[in-house]
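Q: The residues making up each chain are set out below.
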Amino acid sequence: MDASVSVPSSGKTLVRRIQRHRAIYILLVIPITYFIIFKYIPIWNGQIAFKNFMPRQGVLGSAWIGFANFVEFFDSFYFWELLRNTVMYSVGKLLISVPLSIMLAIMLYECRITVLRKTVQTLAYLPHFLSWVIMYGILLGLLAPGDGLLNDIAKAFGGRGIDYLTNVRAFPWVVLLSDAWKEMGWGAIIFIAALMAIDPTLFEAAIVEGATAWQRVRYITLPSILPVIIMVVLLRLGTILSGGFNQLYMLYSPSVYSVGDIIDTWVFRGLQEGKFALATAVGLFKGLMGLFLLTFSNRMTRKVSGSSLY
Amino acid sequence: MGTKRMLLVAMMVGLLLCTPLMAQGQREAGGAGPVDIELWYGAAITEAGPPPSDWVGFQIIRDKLGINLKLTALPSNEADQDVKISAAAAADNLPDIFMVRREVWLRLVKQGMLAPVDDLYAKMPVRTALQYDADSIGFTTFEGVSYGLASPGSIAKNEGVLIRKDWLDKLGLKVPVTLDDYMQVMKAFTFNDPDGNGKHDTYGFGAFIEINNFEEGLGRRMDPFFGAFGVAGTWNMTKADFGLNVRKGKYYDAMAFIKRMADDGVVDPNWLAYKKDDFRAAWKQGRFGIMREQNAAFAATSNYAPFDKNFPNGEWIVIDPPKGPEGKQSVGVYTSQYRVYAISDRVTAEKKDAIARLLDWMSSKEGYYLLGWGVEGVNYTLDDGIPVAAGVPDPEYAFTGPKGQPYTQLRNMVFYNGEVELTSRYPTYITATSGKEMSALRVLVDMQSRPWTAAIASDTLPPPSTDLKRFYEQGVTEFITGRRALNKANWDAWVAEFDKLGGKAWEEEARSVAVANGLLR
Chain A
1 MDASVSVPSS
11 GKTLVRRIQR
21 HRAIYILLVI
31 PITYFIIFKY
41 IPIWNGQIAF
51 KNFMPRQGVL
61 GSAWIGFANF
71 VEFFDSFYFW
81 ELLRNTVMYS
91 VGKLLISVPL
101 SIMLAIMLYE
111 CRITVLRKTV
121 QTLAYLPHFL
131 SWVIMYGILL
141 GLLAPGDGLL
151 NDIAKAFGGR
161 GIDYLTNVRA
171 FPWVVLLSDA
181 WKEMGWGAII
191 FIAALMAIDP
201 TLFEAAIVEG
211 ATAWQRVRYI
221 TLPSILPVII
231 MVVLLRLGTI
241 LSGGFNQLYM
251 LYSPSVYSVG
261 DIIDTWVFRG
271 LQEGKFALAT
281 AVGLFKGLMG
291 LFLLTFSNRM
301 TRKVSGSSLY
Chain B
311 MGTKRMLLVA
321 MMVGLLLCTP
331 LMAQGQREAG
341 GAGPVDIELW
351 YGAAITEAGP
361 PPSDWVGFQI
371 IRDKLGINLK
381 LTALPSNEAD
391 QDVKISAAAA
401 ADNLPDIFMV
411 RREVWLRLVK
421 QGMLAPVDDL
431 YAKMPVRTAL
441 QYDADSIGFT
451 TFEGVSYGLA
461 SPGSIAKNEG
471 VLIRKDWLDK
481 LGLKVPVTLD
491 DYMQVMKAFT
501 FNDPDGNGKH
511 DTYGFGAFIE
521 INNFEEGLGR
531 RMDPFFGAFG
541 VAGTWNMTKA
551 DFGLNVRKGK
561 YYDAMAFIKR
571 MADDGVVDPN
581 WLAYKKDDFR
591 AAWKQGRFGI
601 MREQNAAFAA
611 TSNYAPFDKN
621 FPNGEWIVID
631 PPKGPEGKQS
641 VGVYTSQYRV
651 YAISDRVTAE
661 KKDAIARLLD
671 WMSSKEGYYL
681 LGWGVEGVNY
691 TLDDGIPVAA
701 GVPDPEYAFT
711 GPKGQPYTQL
721 RNMVFYNGEV
731 ELTSRYPTYI
741 TATSGKEMSA
751 LRVLVDMQSR
761 PWTAAIASDT
771 LPPPSTDLKR
781 FYEQGVTEFI
791 TGRRALNKAN
801 WDAWVAEFDK
811 LGGKAWEEEA
821 RSVAVANGLL
831 R
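Protein sequence lines correspond, in order, to chains A and B. All letters in the first sequence, in the order written, are residues 1 to 310 by my numbering. All letters in the second sequence, in the order written, are residues 311 to 831 by my numbering.
Honestly, the hints are just simulated from the structure, not real lab data. All values reported here derive from a predicted model rather than from experimental measurement. Ideal placement from N, C-alpha and C gives every residue a C-beta, glycine not left out. Hints are not guaranteed to be accurate.
[As the list claims (entries may be wrong)] Here are the computed distance ranges between Cβ atoms for each label pair: (1) B:Tyr739 <-> A:Phe79: 41 to 49 Å; (2) A:Trp80 <-> B:Tyr739: 54 to 62 Å; (3) A:Phe79 <-> B:Ala566: 31 to 39 Å; (4) A:Arg169 <-> B:Asp479: 55 to 63 Å; (5) B:Phe452 <-> A:Leu142: 46 to 54 Å; (6) A:Gly46 <-> B:Asn378: 47 to 55 Å; (7) B:Asp704 <-> A:Met196: 27 to 35 Å; (8) B:Asp704 <-> A:Leu130: 34 to 42 Å; (9) A:Leu142 <-> B:Asp479: 34 to 42 Å; (10) A:Gln19 <-> B:Thr382: 37 to 45 Å.
[To be verified] Okay, derived cross-link-like pairs now, DSSO-like style, lysine-lysine, Cα gap no bigger than 27 Å in a straight line: (11) B:Lys779 <-> A:Lys286; (12) A:Lys155 <-> B:Lys594; (13) B:Lys484 <-> B:Lys619; (14) B:Lys394 <-> B:Lys594; (15) B:Lys374 <-> B:Lys467; (16) B:Lys619 <-> A:Lys286; (17) B:Lys480 <-> B:Lys619; (18) B:Lys497 <-> A:Lys155; (19) B:Lys394 <-> A:Lys39; (20) B:Lys619 <-> B:Lys549; (21) A:Lys155 <-> B:Lys509; (22) A:Lys155 <-> B:Lys549; (23) B:Lys484 <-> A:Lys155.
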């Protein structure tokens with residue numbers, strides 16, 4: 001990137017450049033507007049994390065209360081459990097979904113039967129477009145203890161029904177695997193794109209040298225897409241304190257609060273009580289933690305592998 | 311590099327300057343012509359759309375009242391409603407008039423975001439006579455000032471315990487009366503193949519977790535069993551024994567009975583995973599033989615039709631809730647069931663007068679029928695003074711039809727559970743498959759005649775903290791699922807922890823509110 005875009009020497013040059021590439025800059029207006037409205041303006045309102053926010057007094061007029069909102073969050077009876085659950089789901093999804101996406105991408109890339117590849121690809125993408133409300137209906141049909149498909153099969157073989165959706169041992173697996181099922185196909189897209197960029201002559205040479213399919217994957221495919229894998233993992237680390245609100249909110253119930261309640265669901269219940277300052281404090285905490293993890297991991301990755309996000 | 315940095319700095323400065331301006335929301339400009347009134351309403355039929363832009367009501371309201379009405383439907387889910395209103399309040403951007411639940415309303419009052427409405431009652435003589443009385447005004451009065459308009463809400467005591475009579479008959483069983491009778495019948499429904507299909511696919515009791523502030527813990531669907539022990543609902547609202555039911559000894563006995571139901575396998579094992587729609591689909595598929603259900607959700611034409619189709623010979627009847635060891639019985643608790651509309655304190659005097667004109671017109675004969683049923687001859691016809699769907703040119707546009715329903719989305723703003731409404735809303739009909747005569751009104755009257763526990767204004771007591779609420783709900787379900795062993799020692803330890811976490815303080819706070827407002831009987 002640095003090689004192709006030289007630093008303009010003066011304002012006039014920059015204006016000329018903008019004029020020359022105006023189409024691209026016009027396209028840039030949309031994402032910049034998005035970031036201004038949804039990412040930068042809220043930063044101003046983020047100060048309510050340190051205030052006893054009273055809507056009538058507004059953001060500026062509300063009284064400063066220091067770190068009281070943060071203390072309320074850290075002092076929550078469930079703080080450590082919320083943190084544990086959130087990190088458990090984030091890391092779990094990272095460990096399950098990313099490898100599955102990579103595997104799916106490689107399998108699709110290697111598949112030479114076009115019809116099969118396209119069919120699998122479409123079927124794998126499909127769940128991504130279903131909302132968690134629909135997914136819950138499907139999961140209930142599959143996993144309900146009374147008449148779920150899985151339990152019916154287990155019972156037919158003399159097994160015992162398991163209350164997957166309300167059992168604290170089974171529930172985390174339901175969350176992790178249903179997320180993998182839903183997002184695996186979508187997550188594979190970026191890896192497929194990376195695979196497409198690999199020089200095909202590398203594979204041809206390997207085949208000539210007698211490399212097996214597994215060796216080609218191990219010594220060509222995986223090293224070639226490693227920067228993309230690192231990028232995906234690093235980006236996911238930035239949101240490690242977001243365990244997947246939509247999914248958990250739909251799937252959890254009081255019987256699995258101990259393993260299903262994450263920071264965001266706790267905050268949401270607080271929002272129902274109008275605790276916007278508390279929610280902002282938690283959001284700020286999550287953002288700072290994400291920023292720290294992202295920066296730290298990026299440096300570590302650069303040191304260890306020489307590849308990094310930025 | 312220098313220019314790049316300068317640009318970056320300029321952008322940052324620009325952002326910092328523009329953010330406070332953009333974060334302040336918008337202010338309305340004054341002007342002549344119709345007054346703009348923004349109304350956030352609770353939709354009467356959540357699955358239907360809003361009134362279309364060419365709805366005749368908009369024109370009438372503009373021409374006769376000088377009001378340009380802007381409508382926004384609130385989400386159907388109460389939690390989402392609360393968040394939407396709270397978010398609008400946080401942005402200091404509340405609509406002019408909006409429906410709001412009492413807990414959120416109370417918070418907005420304390421934050422000084424609502425306008426007093428005491429002066430409006432006299433300005434709306436027609437509506438006040440029909441909808442507001444001392445009780446309803448008291449419901450929205452805080453420190454001597456009324457900050458909301460509380461109209462009659464959903465009908466009180468409109469749920470009941472229902473049992474499959476055809477299953478009872480097939481198994482030669484009598485209608486259960488006591489808890490033991492109930493257990494016997496539930497076991498028979500579970501293990502004696504009441505539907506005769508040769509499969510073990512039926513259960514005694516069906517439920518799902520349906521919680522609100524005055525029906526905490528396992529929620530209202532399980533209340534008939536708590537009622538048998540005199541501990542239905544969140545609160546005991548009597549002077550003699552006020553307090554949180556969960557802290558009372560009998561609550562443990564009720565929990566032990568429900569735990570036995572779960573252990574014996576007589577409750578549909580899906581009950582903890584069901585959402586409302588799943589539960590309703592389940593009884594229509596014949597999964598269980600006893601339940602607590604709402605009259606219209608059970609007996610209204612479209613709701614009963616799937617069951618009628620699946621089981622033409624099936625029959626549900628309303629029965630008394632189980633009688634406990636001390637002879638107590640209760641379907642559950644009931645409150646005043648008001649629907650509160652509040653006015654933002656940002657509204658001008660001119661707008662406030664316009665709102666009074668609008669609401670009073672809504673309760674006039676013209677407004678009442680237009681909002682309640684639509685246009686006569688298009689959406690309804692009159693049969694002996696009762697609006698009916700029969701006889702309209704296009705049945706799709708009848709007030710009960712898919713194209714007619716959007717025209718009656720505001721009907722809850724004018725209905726007050728009068729005889730005309732109830733007769734029209736719950737007509738007697740013949741079911742399509744079995745040819746049975748059904749009436750949700752008859753079912754309602756039957757349900758209302760059963761034993762209930764008064765818990766008037768228990769929904770106005772302060773809510774628990776987020777942590778305490780979770781501790782409460784999680785704890786009781788864990789005892790039922792067996793994650794915590796249910797014995798007296800464990801239960802007492804859990805209640806002690808509940809108290810330590812704020813349970814006792816919550817009860818004391820509620821007691822102060824209840825005593826100060828004269829809510830105890």
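Q: Look at the Cβ atoms of Asp704 of chain B and Leu130 of chain A and judge whether their distance stays inside 34 to 42 Å.
A: Roughly 36 Å apart at Cβ, these two residues keep to the hinted range, so it holds.
Q: Next pair to validate is Lys484 of chain B with Lys155 of chain A; report whether the Cα-Cα distance is within 27 Å.
A: Outside the cut-off at roughly 33 Å; violated.
Q: Hint says 55 to 63 Å; check whether the CB-CB distance for Arg169 of chain A and Asp479 of chain B agrees.
A: Violated - the Cβ-Cβ distance for Arg169 of chain A and Asp479 of chain B, about 42 Å, lies outside 55 to 63 Å.
Q: Within 27 Å, alpha carbon to alpha carbon, are Lys484 of chain B and Lys619 of chain B?
A: Answer holds: Lys484 of chain B to Lys619 of chain B is near 26 Å, not above 27 Å.
Q: Given a hint of 47 to 55 Å, does the C-beta separation of Gly46 of chain A and Asn378 of chain B actually sit inside it?
A: 36 Å, violated
Q: Between Lys480 of chain B and Lys619 of chain B, does the CA-CA distance stay at or below 27 Å?
A: 19 Å, holds
Q: Is Lys155 of chain A within 27 Å of Lys509 of chain B, Cα to Cα?
A: OK: Lys155 of chain A and Lys509 of chain B at ~13 Å, within 27 Å.
Q: Next pair to validate is Lys619 of chain B with Lys286 of chain A; report whether the Cα-Cα distance is within 27 Å.
A: Roughly 52 Å separates the two Cα atoms, so the pair is violated.
Q: Is the distance from the Cβ of Phe79 of chain A to the Cβ of Ala566 of chain B consistent with 31 to 39 Å?
A: 33 Å, holds
Q: Take the C-alpha atoms of Lys619 of chain B and Lys549 of chain B, compute the straight-line distance between them, and say whether it is at most 27 Å.
A: 49 Å, violated
Q: Could you grab the alpha-carbon distance between Lys374 of chain B and Lys467 of chain B and see if it respects the 27 Å cut-off?
A: 39 Å, violated
Q: Just to be sure I understand the hint, the distance between the Cβ atoms of Gln19 of chain A and Thr382 of chain B should be within 37 to 45 Å; is that true here?
A: 44 Å, holds
Violation of the numbered hints given earlier is confined to hints 1, 4, 6, 7, 14, 15, 16, 20, 22 and 23; the remaining hints are satisfied by the structure.
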